[in-house]
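Chains A and B, in that order, give the protein sequences. The letter at position 196 of the first sequence is residue 196 when you use our numbering, and the numbering goes up by one with no holes. Start counting at 1 in the second sequence, then tack on 1000, and there's your number in our numbering.
Since the hints were derived computationally from the structure, they do not count as laboratory data. Check the hints yourself; a few may be wrong.
What the hints assert, rightly or not - Derived DMTMM-like pairs (lysine to aspartate or glutamate); straight-line CA-CA distance at most 25 Å:
#, chain 1, residue 1, chain 2, residue 2
1, B, 1411, A, 126
2, A, 325, A, 294
3, A, 377, B, 1417
4, B, 1325, B, 1176
5, A, 44, B, 1397
6, A, 380, B, 1176
7, B, 1243, A, 372
8, B, 1346, A, 16
9, B, 1444, A, 372
10, A, 44, B, 1104
11, A, 325, B, 1104
12, A, 383, B, 1215
13, A, 44, B, 1158
14, A, 325, B, 1419
15, A, 44, B, 1312
16, B, 1202, B, 1215
17, B, 1346, A, 39
18, A, 380, B, 1417
19, B, 1221, B, 1122
20, A, 325, B, 1422
21, A, 377, B, 1419
22, A, 380, B, 1251
23, B, 1378, A, 126
24, A, 383, B, 1158
25, A, 383, B, 1251
26, B, 1359, A, 32
27, A, 383, B, 1417
28, B, 1423, A, 372
29, A, 380, B, 1215
30, B, 1077, B, 1091
31, B, 1053, B, 1105
32, A, 44, B, 1051
33, B, 1249, A, 372
34, A, 44, B, 1025
35, B, 1423, B, 1446
36, B, 1346, A, 29
37, A, 44, B, 1091
38, B, 1118, B, 1091
Just so you know, these numbers come straight off a predicted model, no measurement behind them.
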Amino acid sequence: MKSLRGYLDKIKPKFEKGGKFEKFHSTFEAFESFMFVPDTVTTKGTHIRDANDMKRTMTVVVLALVPALLFGMWNVGNQHFLATGQEASFWQSFFTGFISVLPIIVVSYVVGLGIEFAFAQYRGHEVNEGFLVTGMLIPLVLPVDVPLWMVALATAFAVIIGKEVFGGTGMNIFNPALTARAFLFFAYPSYMSGNEVWTHGMIKGEGIIDSFTGATPLAEAAAGNIDKLPSVSDMFFGFIPGSIGETSTLAILIGAAILLFTGVGSARIMISTVVGGLVMGLILNIFAVNPYMEVPAYQHLMLGGFAFGAVFMATDPVSAAQTAKGKIIYGFLIGFLAILIRVLNPAYPEGMMLAILLMNVFAPLIDHYVIEANISKRLKRVKVQE
Amino acid sequence: MFNIKVESIEQLSMSKVIKIKRGLDINLLGAAEKIIKKADFAEYYAVKPTDFKGIRPKLVVKTGDKVKAGSPLFFDKYHPEVQFTSPVSGEITAINRGDRRVIEEVVIRSDTKIEYEKFSVENSKTLTRDEIISILLKSGLWPVIRQRPYSTIANPKDNPKSIFISAFDTTPLAPDMDFIVKEEATLFQKGIDILSRLTTGKIHLNLNADYPPAEAYTRAKGVQINYFTGPHPAGNVGVQINKIDPINKGDIIWYTYPQEIIAIGRLFEKGIYDVSKIIALTGSEVLHPVYLKIINGACIKSLLKNNIKAGENRFISGNVLTGTKILNQGFIGFYDNQVTIIPEGKYHEFFGWALPGIKKFSASRTFISWLMPHKKFKLDTNMHGGHRAFVMTNDYDKVFPMDIYPVHLIKAIMAEDIELMEKLGIYEVDEEDFALCEFVCTSKIDVQSIIRKGLDLARAEMS
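Pulled out of the complex, with its shape left as it was, chain A reads as follows (with noise of 0.2 Å):
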């Protein structure tokens, strides 16, 4: 550890200005930042700082995701196995998700920490540690026999495109692990969707059996095969065909209590979609004409990507709402919409991930409308005087 710090104090003037590799300081910089926390001390305002910092926030979000990517890599194998009909023990199918999973976090990494560093390098700032949540975030929200080239492509559109024309971490509009699936979903419809893309396998069709559809429950509901539909309990502990991270609601769940735990997560966010949700869920409910509008509201909850949207992708606190009050009505609405594009729109058998980028959208506009609200009851206060 010594001879490392050593080292690094040795060659580190060639980084700095005027030294050699000056060119590559950020990425100097990002490194060892990396393996030591800088030896910085504050100069003005307060003395003292809190310990958490950036990389700290950014590993909790990761932490939170590991259950979610267990799980998913494990059902990977399943599901693989249900298609071909061999029985298969709990660490065969765990490692046939892992070796299938693992190239496309490897990808999406690779490319994107790729170009975040080449963004720094030409701005001159530090390498941000968004996109370690980020990369992580984009393989689970994908099926998982996407070709690697197309996730290298999507990862590198959601970077350039959905962060650093914007400026960078902390200035972009669009929540950029959506962004890059919004791409594939729009730019490869054939892909993201159907029924051979979610389990691994059965593009090449090699030994699937027939029985096997490889349907999503989304998809079944769409269709109006609701009596398809897996049991609540299939669909909570997420044994379903779906993208890798997020069939399993109960993994997600863990995620999200170490979010809140942590104080890292919004609440205020979470809960006001699951509401915005169930409210939904319920006026379809009511106004139900056909069997999929008959789908119990609390079931919703646990199709597609509702609870991953809900807790890891709503909650991007750049690209959500940023006032208490405008958060919840963000959650809401992202909720209420998700449900009603699902349900009542066809082409899109997804409905979360349009509903979050639409309320990306809005949600300066939604926080435009607090702040002025906040704005005028000062002005308020200075008329009663009066």
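Let chain A serve as the given structure and place chain B on it in line with the hints.
For chain B alone, kept in the frame of chain A given last:
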């Protein structure tokens, strides 16, 4: 004990109790033990123009001049009637300047026996408002009265809508202001009587509802007593104003603190500029944290003799959130009631952001230390991370109890949009109200400097 309790409950029921919900108490090691010691004789004293926001000092003394306690040292170019006087008698030994020759310290070597300038304060009960103001100005005690907005020294020509006194301090390791005023009830009341003639509005005396307050406070006459409860910043006068009598554009509120009121009482009782006060010597690097009786502006060197742990330390006049960094032979600030000494944090930590963090304090629960809510922490000056773009939008709200949107106000200041700043409430806030936001900021943004910039911008626009 029982009697005290009943009395305090009665008083509570007579006054408002305002509950502050959002905020944060930072438990640090090194709170002062409740013993008042007379400090060793300090040879040097200083008045620091940098303690006073927005003034432009014009010197009236030069090195080698002899002064008495209460003799003018410099005045404010913009308000020449506002004078700053020497706390002790002696000889001017240095005028220390900083960047661009800004005067930072006027240093006085003290006589062993202090001689005082005499101010005529006979019949203090019949003095008019103008006479009171003129005595305060001449003696150099006027600067203890400050105003909101901007936290500058009050303008004697204004008539404030009310005067606020925060009689308790909720900052980390804060001195117990009830303990400090215990013996000075008479002078405190005298000071209040003088203050009450400066405003046609109310004097708000704000007390802590969490324990029975000092009798000097509860027995005070001519004041409106308000009770506050909750975490820091419940003791910040800005928060109290926001809850009781919020500032609108054009409003002016004056504020001051208990020891300053006692000094006013002493001036009008004895006719001298005697700025003795009790400070708390605090922080994890102090061997025996105690209360010390000193004269304002004292050099801390003799106060700290044989009482400091070895190692590289940060010396702060004031508290860890809003205090000023001084040298180990620096001087106590004009408005400070506390000296805090904590370790410097100049070290690299191997994978520090990934460690469980038993010894680390965080307002979030991202470190194991949340398991020990009553633990007292030894915190140092390490930043614990690098500057980043603004990402976490929840954090400030949790520690900012006013009906103001901190993030939006900060962004308005960064955009230098004065009209928007006004609309968002810049007149109601001060740097110290944002100290906790700065502390918790995961992007390590210098929030207090930004707020000061906003206040300076707004002030320049108005004048």
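Going through the hints against the structure:
Among the hinted pairs, residue 1411/B with residue 126/A is consistent with the structure: their alpha-carbon atoms are about 21 Å apart, no more than 25 Å. A threshold of 25 Å between alpha carbons decides the hint, and for residue 325/A with residue 294/A the separation of about 32 Å lies outside it, so the pair is violated. Note on residue 377/A and residue 1417/B: the hinted pairing holds, with a Cα-Cα distance of about 20 Å set against a maximum of 25 Å. The suggested pairing of residue 1325/B with residue 1176/B holds, with an alpha-carbon distance near 22 Å, which does not exceed 25 Å.
At roughly 22 Å between alpha-carbon atoms, residue 44/A and residue 1397/B fall within 25 Å of each other, so this suggested pair holds. Restraint check: the Cα-Cα separation between residue 380/A and residue 1176/B comes to about 38 Å, which exceeds 25 Å; the hinted pair is violated. Restraint check: the Cα-Cα separation between residue 1243/B and residue 372/A comes to about 20 Å, which is no more than 25 Å; the hinted pair holds. Between residue 1346/B and residue 16/A the CA atoms are separated by roughly 19 Å; this keeps the pair inside 25 Å, and the hint holds.
The straight-line distance between the Cα atoms of residue 1444/B and residue 372/A is roughly 28 Å, outside the 25 Å bound, and the hint therefore fails. Simply put, residue 44/A and residue 1104/B have alpha-carbon atoms about 16 Å apart, close enough for the 25 Å limit, and the pair holds. Pair hint residue 325/A plus residue 1104/B does not hold up; C-alpha atoms about 46 Å apart against a cutoff of 25 Å. In summary, the hint linking residue 383/A to residue 1215/B is not supported, as the alpha carbons are separated by about 39 Å, beyond the 25 Å threshold.
Note on residue 44/A and residue 1158/B: the hinted pairing is violated, with a Cα-Cα distance of about 32 Å set against a maximum of 25 Å. The hinted pair formed by residue 325/A and residue 1419/B meets the criterion: a straight-line CA distance of about 23 Å does not exceed 25 Å. Between the alpha carbons of residue 44/A and residue 1312/B the distance comes to roughly 18 Å, so the proposed pair stays at or under 25 Å and holds. The straight-line distance between the Cα atoms of residue 1202/B and residue 1215/B is roughly 20 Å, inside the 25 Å bound, and the hint therefore holds.
Annotation: proposed proximity of residue 1346/B to residue 39/A holds, straight-line Cα distance about 5 Å (limit 25 Å). For the suggested pair residue 380/A and residue 1417/B, the alpha carbons sit about 21 Å apart, so the restraint of at most 25 Å is met. A distance of roughly 22 Å separates the Cα atoms of residue 1221/B and residue 1122/B; the hinted pair therefore holds under the 25 Å criterion. The suggested pairing of residue 325/A with residue 1422/B holds, with an alpha-carbon distance near 21 Å, which does not exceed 25 Å.
The suggested pairing of residue 377/A with residue 1419/B holds, with an alpha-carbon distance near 16 Å, which does not exceed 25 Å. Distance hint between residue 380/A and residue 1251/B is fulfilled; the C-alpha atoms sit about 15 Å from each other, no more than 25 Å. For the suggested pair residue 1378/B and residue 126/A, the alpha carbons sit about 29 Å apart, so the restraint of at most 25 Å is broken. A threshold of 25 Å between alpha carbons decides the hint, and for residue 383/A with residue 1158/B the separation of about 22 Å falls inside it, so the pair holds.
This hinted pair checks out: residue 383/A and residue 1251/B have alpha carbons roughly 13 Å apart, not beyond 25 Å. A hinted pair counts as satisfied when its Cα atoms are at most 25 Å apart, and residue 1359/B with residue 32/A qualifies at roughly 23 Å. With a CA separation close to 23 Å, the supplied pair residue 383/A and residue 1417/B stays within the 25 Å bound. Simply put, residue 1423/B and residue 372/A have alpha-carbon atoms about 9 Å apart, close enough for the 25 Å limit, and the pair holds.
Simply put, residue 380/A and residue 1215/B have alpha-carbon atoms about 39 Å apart, too far for the 25 Å limit, and the pair is violated. About 24 Å separates the Cα atoms of residue 1077/B and residue 1091/B, which keeps this hinted pair within 25 Å; it holds. Pair hint residue 1053/B plus residue 1105/B holds up; C-alpha atoms about 15 Å apart against a cutoff of 25 Å. Only pairs whose Cα atoms come within 25 Å are accepted, and residue 44/A paired with residue 1051/B is accepted, the gap being roughly 14 Å.
Of the supplied pair hints, the one linking residue 1249/B and residue 372/A holds, its CA atoms being roughly 17 Å apart against a limit of 25 Å. With a C-alpha separation of about 21 Å, the suggested pair residue 44/A and residue 1025/B falls inside the 25 Å cut-off, and the hint holds. Restraint check for residue 1423/B and residue 1446/B: the C-alpha separation of about 22 Å stays at or below 25 Å, so the hint holds. Our distance criterion of 25 Å between C-alpha atoms is met by residue 1346/B and residue 29/A, whose separation comes to about 17 Å.
Distance check on the hinted pair: residue 44/A and residue 1091/B sit about 32 Å apart at the alpha-carbon level, beyond 25 Å; violated. Restraint check for residue 1118/B and residue 1091/B: the C-alpha separation of about 18 Å stays at or below 25 Å, so the hint holds.
Hint compliance for this structure: hints 2, 6, 9, 11, 12, 13, 23, 29, 37 are broken, all remaining hints hold.
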